[in-house]
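Chemist: Kindly produce the complete structure, drawing on both the sequences and the hints.
Each chain is listed here by its residues.
Protein chains: 2
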Amino acid sequence: MNTVKIEKLTNKTFAHFGDVIDTRSRNYELINNERCRKFSGLSTVKVQNNDPIAFSIFESEGKQLPIHLDFVERHPLASQGFMPLHYKKFLITVAEEYNDEPVNLRAFMTDGMQGININPNVWHGVLCPVPERGRFLVVDRLETNNNLQIHKFEKPFIIDWQF
Amino acid sequence: MNTVKIEKLTNKTFAHFGDVIDTRSRNYELINNERCRKFSGLSTVKVQNNDPIAFSIFESEGKQLPIHLDFVERHPLASQGFMPLHYKKFLITVAEEYNDEPVNLRAFMTDGMQGININPNVWHGVLCPVPERGRFLVVDRLETNNNLQIHKFEKPFIIDWQF
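As you go down the protein sequences, you meet chains A and B in turn. Note that numbering that gives the first Met the number 0 has the first sequence beginning at 0, numbered continuously upward. Note that numbering that gives the first Met the number 0 has the second sequence beginning at 0, numbered continuously upward.
Note that these hints are calculated values from the structure, not bench results. Mixed in with the good hints there might be a few duds.
Just so you know, same-sequence chains aren't split out, so a pair can sit in one copy or run between any two.
Claimed, not checked - For lysine-lysine, the following BS3-like pairs were computed, each having C-alpha atoms within a straight-line distance of at most 30 Å:
| no. | residue 1 | residue 2 |
| --- | --- | --- |
| 1 | Lys151 | Lys37 |
| 2 | Lys151 | Lys4 |
| 3 | Lys88 | Lys151 |
| 4 | Lys88 | Lys4 |
| 5 | Lys7 | Lys87 |
| 6 | Lys4 | Lys37 |
| 7 | Lys154 | Lys37 |
| 8 | Lys4 | Lys62 |
| 9 | Lys11 | Lys151 |
| 10 | Lys7 | Lys88 |
| 11 | Lys62 | Lys7 |
| 12 | Lys62 | Lys37 |
| 13 | Lys37 | Lys87 |
| 14 | Lys151 | Lys87 |
| 15 | Lys11 | Lys62 |
| 16 | Lys87 | Lys4 |
Modeler: What follows is the structure, encoded as structure tokens:
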């Protein structure tokens, strides 16, 4: 059985795959007559050739642990940011790459406050709110043409806190 | 007294100034094994010259109506998107332009579900959650240099539902 234990999501643990969008332990400046804390540049959109970047909203059903992961996908041409529009958790699965294939699959659970921005070309599982359904702002390349690759696993991975 | 009555925010009423980021009355496609509704391309980032676009978070105190508006600002080089990270309302003030100055100030209240993406160069008031404090994902140009202009009103505007 292929199993993956869920890790805690931090900017450090996730650094190889992208950024965590979170204000804690980040600096801010006071703007708007000191009425507003601005946590600037928590991540940046990565895109090529002035490709159009869109705001979308994904409304996804929730899943219960353990999660069975059959495939991962990646987007070569741009980053993909997910921000929950409520304070709910979601599971992130990402993998390193070797010879264009995903290796060393890892799983992270957000704590409700956190969003993520996945770097271009990083293998990852699809949006997975846990356990409740969730609503997310997504910021990524408008067109999906040439920007979606899928890798199916011969044997699914089982993902949970412990085994 | 300069007064402005608050209008209902819809894509139609706001079209001159930018886009409403909202799923209602928008089409979606089912993705992720039909577990997720994807409302794609609700707005796009407007930017010049591959300038870096950032994810930031603004945490702003709330204000009570009536709002007194002393100035507006604009960002010539990129759009600026605001999405509430909870279901709370905020007041949007925008103006048309004549000879580079703001004219015909208008005010819109979101209904809690709505975000907005303000077009480049549109005069607007700063982020204004009403009445409670709010937390917003902001997607705009990373650097503020050359991207902020301010116009102070000789006489402030008073903004409310009725007068």
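Chemist: Now tell me, hint by hint, if it's right for this structure.
Modeler: Going through the hints against the structure:
1. Taking the closest pair of Cα atoms, Lys151 and Lys37 come within 30 Å of each other only across two copies (22 Å); inside a single copy the shortest separation is 41 Å, beyond that limit.
2. In the homo-oligomer, the alpha carbons of Lys151 and Lys4 lie at most 30 Å apart inside one protomer (20 Å), although the nearest pairing across protomers, at 56 Å, exceeds that limit.
3. For the homomeric pair Lys88 and Lys151, the shortest alpha-carbon distance inside one copy (25 Å) is at most 30 Å, but the shortest distance between copies (43 Å) is not.
4. In this assembly of identical chains, Lys88 and Lys4 lie within 30 Å of each other by CA distance solely inside one copy; the values are 16 Å within and 39 Å between copies.
5. Both within a single protomer and between protomers do Lys7 and Lys87 lie at most 30 Å apart by alpha-carbon distance, with minima of 15 Å and 29 Å respectively.
6. In this assembly of identical chains, the alpha carbons of Lys4 and Lys37 lie at most 30 Å apart only when taken from different copies (29 Å versus 35 Å within one copy).
7. Only between protomers do Lys154 and Lys37 lie at most 30 Å apart by alpha-carbon distance; the minimum there is 28 Å, versus 45 Å within a single protomer.
8. For a Cα distance limit of 30 Å, the shortest separation of Lys4 from Lys62 inside one copy, 16 Å, qualifies, whereas the shortest one across copies, 45 Å, does not.
9. When the C-alpha separation of Lys11 and Lys151 is checked against a cutoff of 30 Å, the pair qualifies only within one copy, where the shortest distance is 28 Å, while the shortest distance between copies is 43 Å.
10. In the homo-oligomer, the alpha carbons of Lys7 and Lys88 lie at most 30 Å apart inside one protomer (12 Å), although the nearest pairing across protomers, at 32 Å, exceeds that limit.
11. Taking the shortest Cα distances, Lys62 and Lys7 sit within 30 Å of each other inside one copy (18 Å), while across copies they are farther apart (36 Å).
12. Taking CA atoms no more than 30 Å apart as the test, Lys62 paired with Lys37 passes between copies only; the shortest distance there is 17 Å, against 34 Å inside one copy.
13. In this assembly of identical chains, the alpha carbons of Lys37 and Lys87 lie at most 30 Å apart whether taken from the same copy (22 Å) or from different copies (18 Å).
14. In the homo-oligomer, the alpha carbons of Lys151 and Lys87 lie at most 30 Å apart inside one protomer (28 Å), although the nearest pairing across protomers, at 40 Å, exceeds that limit.
15. For a Cα distance limit of 30 Å, the shortest separation of Lys11 from Lys62 inside one copy, 26 Å, qualifies, whereas the shortest one across copies, 37 Å, does not.
16. Taking CA atoms no more than 30 Å apart as the test, Lys87 paired with Lys4 passes inside one copy only; the shortest distance there is 20 Å, against 36 Å between copies.
The structure meets every hint from the earlier list without exception.
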